[in-house]
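Student: Here are the chains, one letter per residue:
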Amino acid sequence: MSIATRSLPRTIGAHAILLTYTVIALFPVILVVMNSFKSRAGIFGAPLTPPTPKTFDLIGYTTVIGQGDFFHYFQNSLVVTVGSLFFVLLFGAMAAFALSEYRFRGNTLMGLYLALGIMIPIRLATVAILQLMVASGLVNTLTALILVYTAQGLPLAVFILSEFMKQVSDDLKNAGRIDGLSEYTIFFRLVVPLVRPSMATVAVFTMIPIWNDLWFPLILAPSEETKTVTLGAQLFLGQFVTNWNAILAALSLAILPVLILYVIFSRQLIRGITSGAVK
Amino acid sequence: MAAPTRPKRPFRWHIAVFLAPAVLVYTAIMILPLAGTLQLSLFRNVDQSQVFVGLGNFRTLFGDPNWSVNFWNALRNNVWFFIIHMLVQNPVGVLLAALLSSPKLRFSAFYRTAIFVPTILSFVIVGFAWKLILSPLWGVAPHLLDFVGLKSLFTPWLGKEQYALTALSLVSVWQFIGIPMMLIYAALLSIPDEVIEAAECDGITGMAQFWKIKLPLILPSIGIISILTFVGNFNAFDLIYTAQGALAGPNYSTDILGTFLYRAFFGFQLQVGDPNMGATIATIMFLIILGGVCVYLFLIQTRLRRYQF
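Residue numbers (this note's numbering), protein chains in the order written: chain Z, -3 to 275; chain A, 1473 to 1781.
Any given hint might turn out to be false.
DEER-style ranges, computed between Cβ atoms [unchecked claim]:
| hint | chain 1 | residue 1 | chain 2 | residue 2 | range |
| --- | --- | --- | --- | --- | --- |
| 1 | A | 1744 | Z | 70 | 33 to 41 Å |
| 2 | Z | 4 | A | 1767 | 41 to 49 Å |
| 3 | A | 1767 | Z | 163 | 31 to 39 Å |
| 4 | Z | 70 | A | 1662 | 17 to 25 Å |
| 5 | A | 1534 | Z | 11 | 34 to 42 Å |
| 6 | Z | 167 | A | 1558 | 46 to 54 Å |
Partner residues aside, some chain Z positions facing chain A, computed with beta carbon under 7 Å [unchecked claim]:
| hint | residue |
| --- | --- |
| 7 | 90 |
| 8 | 143 |
| 9 | 150 |
| 10 | 205 |
| 11 | 208 |
| 12 | 211 |
| 13 | 253 |
| 14 | 260 |
| 15 | 262 |
Read the hints as simulated data drawn from the structure, not as lab findings. Please read all numbers here as calculations on a predicted model, not as lab measurements. Cβ coordinates follow ideal geometry from the N, Cα and C atoms, glycine included.
Just chain Z, with the same shape it has in the complex (with noise of 0.2 Å):
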């Protein structure tokens, strides 16, 4: 490497500035958590210092824990986000395969027919998508919600996962055709298990949009038994707003198991996005 990219005020102006940045993109979850810890003293005496022996208090949990059904809404949330998910992939793959393998009249507008809704928000449909819930009996269940989940993961999911199938050899596929196995035999047995790691990709690009989504669970299943935890703490929140303890912990619960699923598969959501790149 020559000499001007190494150069020391360079170095130091780059790292200052990115550790600036890291600040003000961590303050406010680290602030908040770290809060939650502090009796009602403590978060207004002085917000700033990590939780003391003096000002440690579990009250806001103990509140959250006792009032919201925090855990029912954690299952819907995992039920809706595990379901949609499993069905995205499942149903992506196959018309990837389908779109990416077999040369046949249509392919290229079927490819954009599909490719349409990575643009076009399916939130815009949410008028119609009621009336169709609300006459089909299945307003106020999880079903509407991976329904409408699937239906708004597929685009981005063809779209990626045909440009990874193309990449899989023609002579596999080829020699596992002369071997007698069928289509379907080839897509499970052979092609599925090579493009695992981009179906990896796309299933965490997939997931956070629904775990954190608002709208639809608050128009499609609001009802107590439906309720996801976005929509949970959303109402909680509003409920409490003068508890600031309840408040502080609810965010830092619903917080954790983001940023500790986060924590795990950011090698892999980075390697997703920077997929192009690293060749």
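Given the coordinates of chain Z, work out where chain A should sit on it, guided by the hints.
Tutor: Only chain A this time, still in chain Z's reference frame:
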């Protein structure tokens, strides 16, 4: 149809089987309701039955003061929301990506992971956390401004009509900056070393190298993040709803098309929900987004020069 000389190929059922589930779900849950919504915007509920009114609903939306005042306000706010994103989110994202991609930078994986954290958090968390931080009750924001001697600048930004929308736009920028950063970072990494080395041989380094060599090469990615920002912004709802409620206060100053659609469609407090007006607003949003996507596809993307390595 097929040429008579060619033997007719048997219908390949497996293609249909592979395509069917995705196409069925996508068509039934997304495309048909979308078409249904567009169609609903042309009808009005009169005495319990849907009556065709042509463009009547749009006339009401643009002209009737009960609707148009709120509509134009929401549209104006939405445009401002988008402008802030374009002016702050994307340039800062590009800057961070450029710094991250500098060779042999230590801790770059840490920075990358940390800066992306807000993007994975839900709007509910982000909206509420910032509401608390900016709240004059808690005093974190004035406290921090005090450190840099700017305490006098503090006002309850989310509570003041003239600042609330800008403050919320900046919160949204804070949340989503990870996306442009990552996409640009990926684009910068994909520039081959030979190009950079050739530039260095010609004595182009540092800032000049970024402006003259790298920036032209990543323009297509900047185009993509611009259109993603556009679609995301004109479809936004959650952050405003969690931070300011469906009424998008103070005095509708943070109302954007998403919250306006929610109120029109679902009703709020004294206002009764009206699916037809909701569909009309959704149609306008559809046209705006479609317009943006078309401008991108036909005007911008075709003019951007792509380099094949």
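Student: State for each hint whether it applies.
Tutor: Here is how each hint holds up against the structure:
1. A:1744 - Z:70: 33 to 41 Å: holds (34 Å)
2. Z:4 - A:1767: 41 to 49 Å: Between residue 4 (chain Z) and residue 1767 (chain A), where Cβ atoms are some 45 Å apart, the hint holds.
3. A:1767 - Z:163: 31 to 39 Å: Roughly 32 Å apart at Cβ, these two residues keep to the hinted range, so it holds.
4. Z:70 - A:1662: 17 to 25 Å: At 39 Å between Cβs, range violated.
5. A:1534 - Z:11: 34 to 42 Å: The hinted range 34 to 42 Å is violated for residue 1534 (chain A) and residue 11 (chain Z), with Cβ atoms some 53 Å apart.
6. Z:167 - A:1558: 46 to 54 Å: holds (47 Å)
7. 90: With a minimum Cβ separation of about 4 Å from chain A (threshold 7 Å), the hint on residue 90 (chain Z) holds.
8. 143: With Cβ-Cβ at 5 Å, under 7 Å, it holds.
9. 150: With a minimum Cβ separation of about 5 Å from chain A (threshold 7 Å), the hint on residue 150 (chain Z) holds.
10. 205: At 10 Å from the nearest chain A Cβ, residue 205 (chain Z) fails the 7 Å test, so the hint is violated.
11. 208: holds (4 Å)
12. 211: This interface hint holds because 6 Å falls under the 7 Å limit.
13. 253: violated (11 Å)
14. 260: Cβ of residue 260 (chain Z) sits 11 Å from chain A, so the hint is violated.
15. 262: holds (5 Å)
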